[in-house]
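Enquirer: Keeping their order, the protein sequence lines are chains S, F, L and E.
Each step along the first sequence adds one to the number in full-length UniProt numbering, with nothing skipped, and position 196 is 196.
Each step along the second sequence adds one to the number in full-length UniProt numbering, with nothing skipped, and position 167 is 167.
Each step along the third sequence adds one to the number in full-length UniProt numbering, with nothing skipped, and position 231 is 231.
Each step along the fourth sequence adds one to the number in full-length UniProt numbering, with nothing skipped, and position 327 is 327.
Source of the hints: derived by calculation from the structure; they are not laboratory data.
Be careful, since some hints might not be right.
Identical chains share a label here; the pair holds if one copy fits it or two copies do between them.
Capping the alpha-carbon separation at 25 Å, the derived lysine-lysine pairs in PhoX-like fashion look like this [as the list claims (entries may be wrong)]:
(1) K140 to K153
(2) K51 to K93
(3) K143 to K291
(4) K10 to K150
(5) K30 to K62
(6) K30 to K153
(7) K220 to K185
(8) K62 to K51
(9) K10 to K93
Only a predicted model underlies this, so the values are computations on that prediction, with no experimental measurement involved.
Number of protein chains: 4
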Amino acid sequence: MTSELTNQFKEPIFDVAQIAHVEVLSPTPKETVAFYTDMLGMEIVDQVAHKTYLRAYEDNYKYSLIVTEGEEAGLGHVAWRTTSPQALERRVKALEESGQGIGWANEEYGHGPAYQFTTPDGHKMEVFWEVEYYDCHEDKHSKLMSRSQKRPKHGVPVRRLDHINLMSSNPAADTNFMAETLGFKVREQIVDNDHVIGTWNSVSNLVHEIAFMQEPTGAKGKLHHVCYWYGIPQNLYDVADLLKDHDYFIEIPPNKHGVSQAFCMYVYEPSGNRVELFGDAGYLIFDPDWKTLTWEMEDVPGNGDTWIGAVFPDSFWNYGTPAPATVPVKVAAE
Amino acid sequence: MTSELTNQFKEPIFDVAQIAHVEVLSPTPKETVAFYTDMLGMEIVDQVAHKTYLRAYEDNYKYSLIVTEGEEAGLGHVAWRTTSPQALERRVKALEESGQGIGWANEEYGHGPAYQFTTPDGHKMEVFWEVEYYDCHEDKHSKLMSRSQKRPKHGVPVRRLDHINLMSSNPAADTNFMAETLGFKVREQIVDNDHVIGTWNSVSNLVHEIAFMQEPTGAKGKLHHVCYWYGIPQNLYDVADLLKDHDYFIEIPPNKHGVSQAFCMYVYEPSGNRVELFGDAGYLIFDPDWKTLTWEMEDVPGNGDTWIGAVFPDSFWNYGTPAPATVPVKVAAE
Amino acid sequence: MTSELTNQFKEPIFDVAQIAHVEVLSPTPKETVAFYTDMLGMEIVDQVAHKTYLRAYEDNYKYSLIVTEGEEAGLGHVAWRTTSPQALERRVKALEESGQGIGWANEEYGHGPAYQFTTPDGHKMEVFWEVEYYDCHEDKHSKLMSRSQKRPKHGVPVRRLDHINLMSSNPAADTNFMAETLGFKVREQIVDNDHVIGTWNSVSNLVHEIAFMQEPTGAKGKLHHVCYWYGIPQNLYDVADLLKDHDYFIEIPPNKHGVSQAFCMYVYEPSGNRVELFGDAGYLIFDPDWKTLTWEMEDVPGNGDTWIGAVFPDSFWNYGTPAPATVPVKVAAE
Amino acid sequence: MTSELTNQFKEPIFDVAQIAHVEVLSPTPKETVAFYTDMLGMEIVDQVAHKTYLRAYEDNYKYSLIVTEGEEAGLGHVAWRTTSPQALERRVKALEESGQGIGWANEEYGHGPAYQFTTPDGHKMEVFWEVEYYDCHEDKHSKLMSRSQKRPKHGVPVRRLDHINLMSSNPAADTNFMAETLGFKVREQIVDNDHVIGTWNSVSNLVHEIAFMQEPTGAKGKLHHVCYWYGIPQNLYDVADLLKDHDYFIEIPPNKHGVSQAFCMYVYEPSGNRVELFGDAGYLIFDPDWKTLTWEMEDVPGNGDTWIGAVFPDSFWNYGTPAPATVPVKVAAE
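One chain only, chain S, in its complex shape (with noise of 0.2 Å):
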């Protein structure tokens, strides 16, 4: 009865579960290191060498952010965690079909064998299945069972890593990438005149774990920023106020986004990396045969970037890190 469909559907890919963590850098790790344990409540679980190992606490792993000194802001690498060790293999394969495999990496800190690649634009990532849990010290336990820890006392402490958004020279190249070689699903996009701008990529019910947006000068693996999420609306309200202030540069106040509806907020840290932080959960996807939601560029402002009023200054559209010399930090503000 369902056969005739059974041969037109092609059944989705369910390798890849979620991000697991990202490494950032900085020119001013020490800065860059307090903005996330002071303002947003991280905490340090390691450093070594040149590199600072932080979490949120509501993060299972033992660590879900590294920051690591460097010449220029930016992104270090991107980590994904299969479904299982058996998805690994598939998805090893596809990505050294693929030709943009590099190999199995020589570091395994926090994590079993990972394999390295980038993608077409030059966005380092890897892929890996075993993983290391965060050992909570039994002071710190919560009787919150699915808390990893207790809420921190400082800062107003933000509770997982989201997601992350990355310019790209070519955001359908990449978005076709991470398709095909890992199974994520395009949610939304935005095209101006059928090129690409930009797109929200998932593999959960999340409307993306990764966004490519277009780096208007051409330049490659730029990064547009990383999220945390807090999931509760008024909390973006309130670490806005503490960063204010004490000095840092809000880029966007808090609203909703048109696209995936989440309620968010930017701000740069001390090296210039914008950071996103998500109130809520925006909506969630749980439709199986979901079609890619396509925004035309002239509909977005106002709608598409927030949806309540205001839109997107410049700075969101042009600024990623690394940045040029001269960076136009406080295009929203002045």
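Given chain S's structure and the hints, the job is docking chains F, L and E onto it.
Expert: Just chains F, L and E, lined up with the frame of chain S:
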């Protein structure tokens, strides 16, 4: 290198995508429907014989709730959508083998072929692949592409169906049945001296699309509650305020659940069926190797039930529908 | 012991208690009233000739808003209630002496004898003591004793009138007039090279019941906005979402004001009159010896206007009603 | 024209402006102070002998709380600031005439001459005019002019002192005393068969700066609670989450009071003193001719106490400090 693990790890089943709709029975269908429309801002899609089809404004299928006139309050059935037509074939095969299968449904209102079955406790369910989407009239289109229609102007409108909670004479048996035939994973459970009191199970990143709780008298097939989702914590207080002023019974005021971490509240609609409302996403599970969290019943009051002060009233553990003639409906407030 | 201070300190005037109601003019009264009822959940109390009387559900007098049909949008009048009949006598005497008095009003709908006057800029006002309370029908009584009626089931209902903001060709003159004749205290002000651009004035613990802002072209008697109060921050996002989906113009999305610290947003009702909505109480002033806070205009953008990122659009500083024929209504969103 | 009314209406007293500070006694001052600093984000201003002076970040005087080491938990004293030096003279005269006056205080830390007195039930109080403002170090200045210092980086910081609630063997007597000598107005009251169980009294637009509640055993001079203000509802959940994870006792979770409509919660600090936290402004009273709202005790549970579901635990009505040796501290959660 990962070959050893491969031999050990059983890959998950990804065949069921989501809860698609729920049918509830009501001896007072007019009042029950008025509760859902006037208070929760839902829309009547169609009325056929003794059935009223309703949807929330971000539900993307034709309907998510059927209110059917019946002699007693309680559950009609629960419908699941698979991730593909092939997945439907596989699940039907597993259900047939389980001995719990009924057969293909005669009625296909709003969806394609549906295979019916019951849980060991007798709750009626169905599973299908093809589904009819909501056809929004042009006047009601939202500029927000992921929203199925404009936000309603009445009540405090819920956004989408979230989950179902069923009382069972044997929660462990129902839980195992859902895991084995449909691939549900047990995210959290409550045990009392090794006896399973409750389980929270999902096929998605949610902590649960279905929960089973011990029915204390051994009665079978009862409904504990249906849950709709706001995603915004304050909305629970807004709707609670509205419900209180319009004389509906609020069993449990807004609070954070320990289990699932969701911001929740409970109310009874006029027929006596319990309805839960969710104010956020709780925590989401991305770890593909999640180990079931086990609460001892003695740790639940003030931790697993409501995280912040107060504990659940007895009615929460004892009351389901259909209920005995003398219902202790106002346990909490009197 | 305190005798020296006694000689120095001028005791405050406590004769005006509150803003009692506001009359606005609208060339599209039907649409203006629909905005207040469908979106803000207000109730029509009465309609007499070309006037519609409205109230919010926690306003305790008969009405707080009059929408009067007029050729142009703008202010009708503002009404103040005194703290006693004796206080009314004293204020009438002061108003008569100021030369701005008009005389006792012919019309006393919903209140007792009202003495009329204008500000130096020509805004019409009145002051009275006796007032008619809202007579709530038994069916609509709330169990919440301080609530004048049940929470409405439509729109995102505002709770009460909060304040008025008037554009003036000479804010300093109007401010001094209100201080001298009615006892208003200047809580905050903006100056630009010693010229007063705006003042926020109150007779209560609020930062203002009335503000005056510089009209840039020198036009007189304009209305900047009327403000209604929710007291709950999230409600601003809820009503903004509703307004956006129903095609109303949101000039400034929810944000925290620097001046007053109130959580605010701005929208235009269909006739072009600006409406502000307040999501909390901002800060309250209890210090009886409050010293006016003075902002330099150069420090206002990004601090005194919206505290968290972004700045006010030009329309906020330039647009009032009545407005020139070609109104730049959609400055912010286009 | 208004001459008749003039003869009838008694003009209000406007001589007391606000609650200025509260002194609490604690047998565990170190732990009590740690609660206020680590959890509520307050700052230690000074420590002199057995007294610690603390303030919230939007308190504008030098301090709002004194924690004094004592053998038992309970109230030290409450301080009120007048609206002028003349008002102080008038109130001292009235207090002297009442027979409850003690005399001018020997100690004037942080303020000028203070006249001491007790309520009929024996609660110690003082009233003064001159006050020392908080002297904010340049490094801690906020750009927000109405904020006394930057928002703190630790705990979930409260903004200012709100009110005090005292248990009394005779609430009516204490209420009348405050009205007659200091001009307090009774905003709401609870009566049980004509006996006054509780009163909420204010000199400002707040529903209360001071409440009196019946002490059930007839003990005198007890403290029910001190209340600090957030003004943001979600902050109650944030601080409750923090308190729960750090093992403090939450007596009543966040909920809306019927009396005062305030969003509230109750916790005990380590010495056993109850602390309330306010998440919004409730409703504000602007009507100068406010008639006391009277609740019958039988209507209070589920309406006057917590508006939305649930009722107060017995401890709320019975427990104050100093408390009997065996304190039923964990009534609610066990």
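Enquirer: Within a copy, between copies, both or neither: which one fits K220 and K185 at a CA-CA cutoff of 25 Å?
Expert: within (23 Å within a copy, 41 Å between copies)
Enquirer: Give the relationship of K30 and K153 under a CA distance limit of 25 Å: within one copy only, between copies only, both, or neither.
Expert: both (21 Å within a copy, 18 Å between copies)
Enquirer: At most 25 Å between C-alpha atoms: does K140 with K153 qualify within a copy, between copies, both, or neither?
Expert: both (12 Å within a copy, 20 Å between copies)
Enquirer: Within a copy, between copies, both or neither: which one fits K10 and K150 at a CA-CA cutoff of 25 Å?
Expert: Result: close neither inside a copy nor across copies, 44 Å intra and 33 Å inter.
Enquirer: Up to 25 Å between alpha-carbons, please classify K62 paired with K51: within, between, both or neither.
Expert: within (14 Å within a copy, 44 Å between copies)
Enquirer: I want to check one pair: K10 and K93. Are their C-alpha atoms no more than 25 Å apart within a copy, between two copies, both, or neither?
Expert: Cα proximity of K10 and K93: in one copy and across copies (20 Å, 20 Å).
Enquirer: For K143 vs K291, is the C-alpha pair at or below 25 Å within one copy, between two copies, both, or neither?
Expert: between (41 Å within a copy, 17 Å between copies)
Enquirer: If the cut is 25 Å between Cα atoms, do K51 and K93 qualify within a copy, between copies, both or neither?
Expert: Neither. Shortest intra-copy (30 Å) and inter-copy (52 Å) distances fail the 25 Å Cα cut-off.
Enquirer: At 25 Å max between alpha carbons, let me know whether K30 reaches K62 within a copy, between copies, both or neither.
Expert: Answer is within; shortest intra-copy Cα gap is 20 Å, inter-copy 35 Å.
Checked against the numbered hints given earlier, this structure breaks hints 2 and 4; the rest are met.
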